[in-house]
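Student: These protein sequences, in sequence, are chains G and P. Following the working numbering, the numbering of the first sequence begins with 1 at its first residue and continues without gaps. Following the working numbering, the numbering of the second sequence begins with 167 at its first residue and continues without gaps.
Simulated from the structure, these hints should not be mistaken for laboratory data. C-beta: ideal position from N, C-alpha, C; glycine also. A couple of the hints might just be wrong.
[Stated by the list, open to error] Distance ranges between label pairs, derived from CB positions:
(1) 264/P - 1/G: 49 to 57 Å
(2) 258/P - 94/G: 16 to 24 Å
(3) 96/G - 262/P: 19 to 27 Å
[To be verified] Under 7 Å between C-beta atoms, here's a sample of chain P residues computed to sit facing chain G:
(4) 177
(5) 186
(6) 204
(7) 233
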Amino acid sequence: MTDIFFYIFSAIALASAFAVVLSSSTVNAAMSLIVTFLSMAALFVLLESYFLAVVQVLVYAGAVVVLFLFVIMLLDERETAKRKAGVLSTIAAFVGFGILCVGIVAIRASESLTAGSDAVTSVSLKGFGQQLFTTYLLPMQVTGFLLLISMVGVIVISKKAKTTES
Amino acid sequence: MTIGLEQFITVSCLLFAIGFFGVLLRRNTLVIYMCLELMLNAANLALIAFSHYHGTVGGNLFVFFTISVAAAEVAVGLAIIVALFRRRQTVHVDELNALNN
Numbered sequence: 001m002t003d004i005f006f007y008i009f010s011a012i013a014l015a016s017a018f019a020v021v022l023s024s025s026t027v028n029a030a031m032s033l034i035v036t037f038l039s040m041a042a043l044f045v046l047l048e049s050y051f052l053a054v055v056q057v058l059v060y061a062g063a064v065v066v067l068f069l070f071v072i073m074l075l076d077e078r079e080t081a082k083r084k085a086g087v088l089s090t091i092a093a094f095v096g097f098g099i100l101c102v103g104i105v106a107i108r109a110s111e112s113l114t115a116g117s118d119a120v121t122s123v124s125l126k127g128f129g130q131q132l133f134t135t136y137l138l139p140m141q142v143t144g145f146l147l148l149i150s151m152v153g154v155i156v157i158s159k160k161a162k163t164t165e166s
Numbered sequence: 167m168t169i170g171l172e173q174f175i176t177v178s179c180l181l182f183a184i185g186f187f188g189v190l191l192r193r194n195t196l197v198i199y200m201c202l203e204l205m206l207n208a209a210n211l212a213l214i215a216f217s218h219y220h221g222t223v224g225g226n227l228f229v230f231f232t233i234s235v236a237a238a239e240v241a242v243g244l245a246i247i248v249a250l251f252r253r254r255q256t257v258h259v260d261e262l263n264a265l266n267n
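Pulled out of the complex, with its shape left as it was, chain G reads as follows (with noise of 0.2 Å):
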């Protein structure tokens, strides 16, 4: 039953990864990286990390595809959205996906990739929030400060644009 949903969920999150790369419109691939997020929680719900998964549909599909869709529509991009890359950079593009391609190929014919003992674990809720405000409590408070000075910085520079605007 866990096979089956596995590969129905990654197959549905990397058609949707290659709408994004490959539409036209900037809001349909919004729309297409809506959905290869919620397929990647499905795939953490699969991976038994239950919180994340939440966390993923609320950060991810919820506030950074809004704001993308904000931004979208903020921007007037009529006269931009139909440009094609240049024939280098495509060029580019090809060969670096081979190459990573290449890459997977090679890491799953080295065999290289065991998992650890018989440990299969599930981390709780409880666990977590323990882990998080004892052995990564520096971590936690650095994050928050990082976020209070993005907040910042988006605001100084929305306001800058603003003055020189006028």
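Given the coordinates of chain G, assemble chain P onto it according to the supplied hints.
Tutor: This is chain P only, laid out in the frame that chain G set:
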């Protein structure tokens, strides 16, 4: 065939490759940014898969931090794109070549 670490890592690698492909192929700053998010998410999937199959909590917690840093990064990046658009009236990377000449 049962689903193991290898299958999850393969999916994660493929998603990363697709994101990389998009970053190089697309010329619209917003779509490039979406592809960057895709690559970050692929790395998250790999971290969670390793954490699950090795029986440690560290990977899961690291993903938690990655997600919060990515959220901050998206906010700042999009603000920069909006400021850039106000100044230059474009989000097309080929026209943003002020440092090139």
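Student: Hint by hint, say whether it matches the structure.
Tutor: Against the structure, the hints come out as follows:
1. The hint said 49 to 57 Å for the Cβ distance between residue 264/P and residue 1/G, and at roughly 55 Å that hint holds.
2. The hinted window of 16 to 24 Å between residue 258/P and residue 94/G holds, with their beta carbons roughly 21 Å apart.
3. Our hint of 19 to 27 Å for residue 96/G and residue 262/P holds, since their Cβ atoms are close to 21 Å apart.
4. Satisfaction of the interface hint for residue 177/P is found here, the shortest Cβ-Cβ separation to chain G being roughly 4 Å, below the 7 Å cut-off.
5. The criterion of a C-beta within 7 Å of any C-beta in chain G is met by residue 186/P, whose closest approach is roughly 5 Å, and the hint holds.
6. For the restraint placing residue 204/P at the interface with chain G, the shortest Cβ-Cβ distance is roughly 6 Å, inside the 7 Å limit, so the hint holds.
7. The restraint placing residue 233/P at the interface with chain G holds, with a minimum CB-CB distance near 5 Å, inside the 7 Å limit.
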